[in-house]
Amino acid sequence: MKDQRNGRLDMSDIQGLILRGYRMSLVRHFVLAVRNPAAARGVLRELVDRDGDGLQVTSAALWPDGEKPAYCLNVGLTFKGIERLEVVEDPEESFRSFTSFRQGAVKRAEFVGDTGASAPEHWTGQLASPEVDVLVCLHCEDSGELKAQSDRLRELFASRGAFEELSSFDGSALPDGKVHFGYKDGISQPTIRGAFPRKPDMQPEVNPDQFLILEGGNYNVPTPGEIGLNGSFAAFRVLEQDVVGFERFLQSNADTIDPEILAAKLCGRWRDGVPLELSPDAPQSDPPIPELEYSDFDYVPTQLHPDIYDDSSGLRCPIGSHTRRTNPRSQPVPAAGLGHEHRIIRRGMPYGPEFVPGADKNEHAERGLLGLFICSDLFNQFEFLMSTWINGSTFAADLLADSQDPLLGANIEDSSQFEIPDSDGNIVVEGFQRFVNTRGAAYVFFPSVTALRYMASVKPVG
Amino acid sequence: MIEESTTDTPTAAPVQSPLDLILTLKEPVRKSAAEIRVLLTADSKGGASRALDKVGTVHFARFFFLDYEREQDSEPYPTKLAVVTAYDGDFQAYVQDFVNNIGDLFDLLLNFVEHPAGVVPVQKNAQAFGQWLLVHNPEPLLFYSAYPTLPVVQILRNSQGLMQYQ
Chain A
1 MKDQRNGRLD MSDIQGLILR GYRMSLVRHF VLAVRNPAAA RGVLRELVDR
51 DGDGLQVTSA ALWPDGEKPA YCLNVGLTFK GIERLEVVED PEESFRSFTS
101 FRQGAVKRAE FVGDTGASAP EHWTGQLASP EVDVLVCLHC EDSGELKAQS
151 DRLRELFASR GAFEELSSFD GSALPDGKVH FGYKDGISQP TIRGAFPRKP
201 DMQPEVNPDQ FLILEGGNYN VPTPGEIGLN GSFAAFRVLE QDVVGFERFL
251 QSNADTIDPE ILAAKLCGRW RDGVPLELSP DAPQSDPPIP ELEYSDFDYV
301 PTQLHPDIYD DSSGLRCPIG SHTRRTNPRS QPVPAAGLGH EHRIIRRGMP
351 YGPEFVPGAD KNEHAERGLL GLFICSDLFN QFEFLMSTWI NGSTFAADLL
401 ADSQDPLLGA NIEDSSQFEI PDSDGNIVVE GFQRFVNTRG AAYVFFPSVT
451 ALRYMASVKP VG
Chain B
1001 MIEESTTDTP TAAPVQSPLD LILTLKEPVR KSAAEIRVLL TADSKGGASR
1051 ALDKVGTVHF ARFFFLDYER EQDSEPYPTK LAVVTAYDGD FQAYVQDFVN
1101 NIGDLFDLLL NFVEHPAGVV PVQKNAQAFG QWLLVHNPEP LLFYSAYPTL
1151 PVVQILRNSQ GLMQYQ
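Read top to bottom, the protein sequences are chains A and B.
Numbering (my numbering) for the first sequence: 1 to 462.
Numbering (my numbering) for the second sequence: 1001 to 1166.
Quick caveat, the hints were computed from the structure, so don't treat them as lab data.
Backbone N, C-alpha and C define an ideal beta-carbon position, used for all residues, glycine too.
Be a bit skeptical, because a hint or two may be false.
As the list claims (entries may be wrong) - 20 Å max Cα-Cα, derived SDA-like pairs, lysine to any residue: (1) Lys1054/B x Asn220/A; (2) Lys107/A x Lys1124/B; (3) Lys1054/B x Glu93/A; (4) Lys1124/B x Lys178/A; (5) Lys1054/B x Pro328/A; (6) Lys1124/B x Gln303/A; (7) Lys1054/B x Pro301/A; (8) Lys1124/B x Pro328/A; (9) Lys1124/B x Asn220/A; (10) Lys1124/B x Gly217/A; (11) Lys1124/B x Thr99/A; (12) Lys1054/B x Asn207/A; (13) Lys1054/B x Arg102/A; (14) Lys1124/B x Val206/A; (15) Lys1054/B x Ala335/A; (16) Lys107/A x Val1029/B; (17) Lys1026/B x Gly1118/B; (18) Lys1054/B x Pro204/A; (19) Lys1124/B x Thr302/A; (20) Lys107/A x Gln1131/B; (21) Lys1124/B x Pro224/A; (22) Lys1124/B x Ser94/A; (23) Lys1054/B x Arg193/A; (24) Lys1054/B x Glu92/A; (25) Lys1054/B x Val300/A; (26) Lys1080/B x Val1113/B; (27) Lys178/A x Arg346/A; (28) Lys1124/B x Glu92/A; (29) Lys1124/B x Pro91/A.
Unchecked claim - Derived list of chain B stretches under chain A, where covered just means 3 residues or more per stretch with a C-beta under 8 Å from a C-beta of chain A: (30) 1012 to 1024; (31) 1053 to 1065; (32) 1081 to 1091; (33) 1119 to 1126; (34) 1147 to 1160.
This is chain A alone, in the form it adopts within the complex:
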């Protein structure tokens, strides 16, 4: 592990999906239980054995000549998994700063709004089971590769009884980078100081210690340092989307508001990704906004950008819209200031067949998103977003009391409301159900390559 003191990130030690979107077409997430700790540690060693010819964990190092590899592989451990692998003497003490991670997604479900139909008793893939220990993420470009690498992985998992596969989840990209609900996704991510440059977005660079476990972060690094440093945490979530219900809702308000305008107001972006702040009246302006600039906006003027439009009133982008709630940028909210510390890295892949309104024969197919929400502090980043900004209404002025994120919130048909400020009189749409339900979740730690090697070395491997 390279010296951190000069502020440079050791890309070859950090698992790739923390800092890079692979932009591959397919993913398979394997959910595993440790059955033989010694054998399991042996599997971990093989996955970072650069001299071997087996599958290897993908780091954040740039690909030679920028050419995509055949597959990308990453490994996450739940807290129970770390305990079962017997790689840390006192896991509770070692991970004492990471309370939510230690408790696990099932215990934290209520706090993040996974209630009702989203509660753990309805989860699939045994994700509510206390035996969820390891998450293996396999990204590929084509199905032949996915099958071939899956077969190899499964052989490895079974070797010497190391793991039992509890379930797997498959995702596949939709055309044009869209997700179900028809929006282009993955436009905005935090720009991390010392990591890869990103498109302009009028936001300050984020301290890398908010996305990587580093010395100097707002936590005690898990001990020993070999285990903790250069790692990160993620909420893995299987999110079912009520695509039919969503389209019906858009159409049902057509007398009051054009469905595409409503779709844009709910999200904060038109379905093609153009933000309302830059193009309030139509999905594209003339001349068109280049895709590179789709995140180059703010909601209120700042010292750095004093001349932009002041959308304090939400006339362009409603204050309660999804993207504004999950990232208020320079809008005054508690604890903001020069950029808030509740950013999140999002990696997502749709699952289920594409839905084409009016043409679809498989309306009732299950559709959704396999998401990884990555940060160093699950409580202050992922869980904060869910509980305070998505499912709360007191963090910003002029939000309807008890209103929640229209796309992602735990909305109840009887009481849900969404306000669209308008110069001719505000529009309130109501009576919408919860459009996204959680079908499973897990909190995982993505250890560094050093950590995986270390874990394989602390005790005999099988």
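Based on the hints, put chain B in the right spot on chain A.
Okay, now just chain B, sitting in the frame of chain A:
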């Protein structure tokens, strides 16, 4: 427990909560009192007030001494520090933001008051620090607010709006 004022809208839930602490000064108590006085009243760059502005969920905060001891031939000196506040939303949810802004001040303060191990430095131990505060936060017999459904952000926004008409 939270009394609703007559101006309350029936559908909105109260958003304000009290956080009250009685902290015991460390030995030597007279010295601790003197140091705390300097910390809270010194007009350094931003001070406690500006830090609290930045947090944005605190309606008010009062720090004052309690439980003075009287000894012969000397000035009475306090043995406890009281902190009385009202804040919006979920306390634990904002505790990291709170310590990011005011953590340095609390670290200094904690040098002079009794506190458990594992909370200092507060920025690295925000949740443990928050848990400690909550455990010591007594349930009030009465918590009255004239506008229990209004968070600080809304009050500030409303007053901005009013200023336009002046």
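Okay, the hints, checked on the actual structure:
no. : hint                  : in the structure
1   : Lys1054/B x Asn220/A  : violated (25 Å)
2   : Lys107/A x Lys1124/B  : violated (23 Å)
3   : Lys1054/B x Glu93/A   : violated (32 Å)
4   : Lys1124/B x Lys178/A  : violated (39 Å)
5   : Lys1054/B x Pro328/A  : holds (15 Å)
6   : Lys1124/B x Gln303/A  : violated (30 Å)
7   : Lys1054/B x Pro301/A  : holds (18 Å)
8   : Lys1124/B x Pro328/A  : violated (25 Å)
9   : Lys1124/B x Asn220/A  : holds (6 Å)
10  : Lys1124/B x Gly217/A  : holds (7 Å)
11  : Lys1124/B x Thr99/A   : holds (13 Å)
12  : Lys1054/B x Asn207/A  : holds (19 Å)
13  : Lys1054/B x Arg102/A  : violated (31 Å)
14  : Lys1124/B x Val206/A  : holds (18 Å)
15  : Lys1054/B x Ala335/A  : holds (6 Å)
16  : Lys107/A x Val1029/B  : violated (43 Å)
17  : Lys1026/B x Gly1118/B : holds (17 Å)
18  : Lys1054/B x Pro204/A  : holds (17 Å)
19  : Lys1124/B x Thr302/A  : violated (30 Å)
20  : Lys107/A x Gln1131/B  : holds (18 Å)
21  : Lys1124/B x Pro224/A  : holds (17 Å)
22  : Lys1124/B x Ser94/A   : holds (14 Å)
23  : Lys1054/B x Arg193/A  : violated (23 Å)
24  : Lys1054/B x Glu92/A   : violated (33 Å)
25  : Lys1054/B x Val300/A  : holds (17 Å)
26  : Lys1080/B x Val1113/B : holds (8 Å)
27  : Lys178/A x Arg346/A   : holds (14 Å)
28  : Lys1124/B x Glu92/A   : holds (16 Å)
29  : Lys1124/B x Pro91/A   : holds (18 Å)
30  : 1012 to 1024          : holds (count 3)
31  : 1053 to 1065          : holds (count 4)
32  : 1081 to 1091          : holds (count 3)
33  : 1119 to 1126          : holds (count 4)
34  : 1147 to 1160          : holds (count 8)
Checked against the numbered hints above, the structure breaks hints 1, 2, 3, 4, 6, 8, 13, 16, 19, 23 and 24 and satisfies the rest.
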